[in-house]
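Novice: The residues making up each chain are set out below.
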Amino acid sequence: MTDRKFRPNGLIAAGAVAMALGAPTGVAAADDVAGFYKDNIVTAVLGAGPGGGYDVYARTVMKHLVKHIPGQPAFIMQFMPGAGGQKAAQYFYNVASRDGSKIAKLSNMLPAFQLLRSGVKYNVSKLNYIGRAASMQYVTMVWHTTGVKSLEDAQKAKNPIVFGSSGKSQSNYIVPAVMKNLLGLNVKVIAGYPGTADINKALEQGEVTGRAGAWSSWIAAGARLVNTGKVVAIAQAGTEKATDIKNGYGEPVPLLLDLAKNDEERAILKLLASDAAMGRNFSVPPEVPKARVTALCRAFDATMKDPEFLEEAKKRKLIIEPKPCEWLNAFAQEVVATPKPLVAKAKQILGWK
Amino acid sequence: MIRKFIKTAAAALSIAMLAVAVQPAQTMAMEDVELVVGTAGTDHPLFAAGNGISMASVIAAKGVKVYNFGTKGDKDNMKRISKTKRAINLALVSGKGLAAANDKMKKEVSGLIAVGQHKGDTILLIARNKAPKGLSKDAYTKALSSVVAALKSAKGKKFVSKEWKAFAPANADAAFKAAGVAVHKAAMM
Chain P
0 MTDRKFRPNG LIAAGAVAMA LGAPTGVAAA DDVAGFYKDN IVTAVLGAGP
50 GGGYDVYART VMKHLVKHIP GQPAFIMQFM PGAGGQKAAQ YFYNVASRDG
100 SKIAKLSNML PAFQLLRSGV KYNVSKLNYI GRAASMQYVT MVWHTTGVKS
150 LEDAQKAKNP IVFGSSGKSQ SNYIVPAVMK NLLGLNVKVI AGYPGTADIN
200 KALEQGEVTG RAGAWSSWIA AGARLVNTGK VVAIAQAGTE KATDIKNGYG
250 EPVPLLLDLA KNDEERAILK LLASDAAMGR NFSVPPEVPK ARVTALCRAF
300 DATMKDPEFL EEAKKRKLII EPKPCEWLNA FAQEVVATPK PLVAKAKQIL
350 GWK
Chain V
0 MIRKFIKTAA AALSIAMLAV AVQPAQTMAM EDVELVVGTA GTDHPLFAAG
50 NGISMASVIA AKGVKVYNFG TKGDKDNMKR ISKTKRAINL ALVSGKGLAA
100 ANDKMKKEVS GLIAVGQHKG DTILLIARNK APKGLSKDAY TKALSSVVAA
150 LKSAKGKKFV SKEWKAFAPA NADAAFKAAG VAVHKAAMM
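First to last, the sequence lines map onto chains P and V.
With the first letter of the first sequence counted as 1, position 197 gets the number 196 in numbering that gives the first Met the number 0; the numbers rise by one all the way through.
With the first letter of the second sequence counted as 1, position 108 gets the number 107 in numbering that gives the first Met the number 0; the numbers rise by one all the way through.
Bound conformation, chain V alone:
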């Protein structure tokens, strides 16, 4: 009787362990997080930079893809990133453009990194604070951190630099502070 019980319990435990073992495979099969980065007009160098960022994300980031959105530049990016519906998740903005945005908009975003210089101003990559629909805050932070890591990686740098020669990823805490924007947790991971 006891033997039979032990056998049944062992079988049940094996099934449970097998189920747990299958879990990572299911997680791996999950779809990539898709984020949209607002850049600039199609003839602007930052639009090309956006293509590089997209490619770098596909090649060097884990579980996240960034898509490029050709916008009208700084003001348009700030407007779109702080929208309630169909907002973009990331944006390339100049230091001056970010500083000039209103306080309400600034509260909606956080800083990630500096990506280079254009016309004497630092170009910053910022992220919307609110996670996209259906994505937890933690998963969003992880995705953003993966983008930052991809852009700083040798592979990522190669892809973006090919599209935009001025690409030079760097921490930009001081620039964000000067513009009145907090630094995102993902930038510090």
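Okay, chain P solo, but in the shape it has when bound:
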């Protein structure tokens, strides 16, 4: 009883002291955030059209995220495909309101694109990332008849591994380009396939003998090829090694990052593999009030542990490998701080101007 009576008094006293000092209390700050979100509809901006991986991740995360945001706002989705996600990124950075009512799931390539592409109208280091739901580990697979069962086999291969790609700005081009031009593997790239399904078809028809793709895509759209042993994993591109991906000898598949011969190569590989680590990320524009950004970060963390969210993700076969906003913002800053001479070398490796 004494304790019960003491608590409110203690709170009033603490509040009075805080008010006297002119500092906002945690409770008051939380109330402001809740008040804002209660009266607003959150818009989730997507740099892609409906129906794909971006959409499934975004809808699933948003549905549960709003339950954890103070004020529990409703949400709508805004699909904004175009220019490999650049259109949405530029809109989000330059036009979207900076009050915390807009949350985006933008391209995981943004930090790398900021350095490697010209005409970019955003600065990743000013974006506020609120969390990552999963990495986008890229796995290099080769067709079983090539006889290549591991990266060592690929390094010794006399015949080139021919990779199918959908375009020079895509990871299915970047990964084999790195294998060829930085690590010296006998690799060729045929670009111009409309999408993943078309490259898989080309693999089956013998047009190409390899494809680099997100692990989540291999185990979903490419599951038949993986489960029947038609394709063999030889390398993974990213910064975090997945130990459950095995090569043709049943050994864990190595990270391309681990093949770097020196710090310079390692920095270039890290820049070019940064998209895998950025993964399925969510952000809010620059200049959003700090209390709202913090609330969104904590809401995101809570969502990633929410049993209902995890159950739905499992049902939808979504890989969940969360990282908090602090980790993601630090990683993005590190990527955009890559020294200019190394960026120039990375461009050379990719054949980009």
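Just so you know, these hints were derived from the structure itself, not from any lab.
Heads up, the beta-carbon is just placed ideally off N, CA and C, and yes, glycines get one too.
Treat the hints loosely; a few may be bogus.
To give an idea of the interface, some chain V residues facing chain P are shown, with a C-beta separation under 7 Å as derived from the structure [said to hold, decoys possible]:
#1 Val35
#2 Thr41
#3 Met54
#4 Val57
#5 Phe68
#6 Gly72
#7 Thr83
#8 Arg85
Fit chain V to the known structure of chain P by using the hints.
Specialist: Chain V only, in chain P's frame:
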């Protein structure tokens, strides 16, 4: 013996009635139908209108949410709404754009309402005839009707007008007829 039988039957009936009574609660817990509306480029007024329609659906429609898809406009919308895979469910098109579409495309869609004027042409809201995967035709019609009602409601009008000042929902049977497109059942409910 008879008393025991009556008691058992009464208990069974109570359980059955309770089960029926629980049904509406289960229906209420069902997830909202999610529809996608094709609008126009992100710098076009119809993209802003799409945001308003999305917001109006969240606030004023029952059991349905509409999401905004920034497309390349009339032609792109007609192409996407008549696609076999990953099609959009709704689209904003100009009267001229709808009339110019080919007959095959027109057969795939029906008209809902007019939403306003842009550059001297009436902007129409049309719907794909085919229900999204996993949704019955009736449930789809009900969802579309709920969207139309939300857009005509005072609350809905307020939200869309905030984003697009020219918003003026109205029946457009004549405009659809002129464009060679049938009016959807949902527009008449």
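Novice: Please go over all the hints and tell whether each is borne out by the structure.
Specialist: Here is how each hint holds up against the structure:
no.: 1; hint: Val35; result: holds, 5 Å
no.: 2; hint: Thr41; result: holds, 5 Å
no.: 3; hint: Met54; result: holds, 5 Å
no.: 4; hint: Val57; result: holds, 5 Å
no.: 5; hint: Phe68; result: holds, 4 Å
no.: 6; hint: Gly72; result: violated, 13 Å
no.: 7; hint: Thr83; result: violated, 12 Å
no.: 8; hint: Arg85; result: holds, 4 Å
Violated hints for the displayed structure, listed by number in ascending order: 6, 7.
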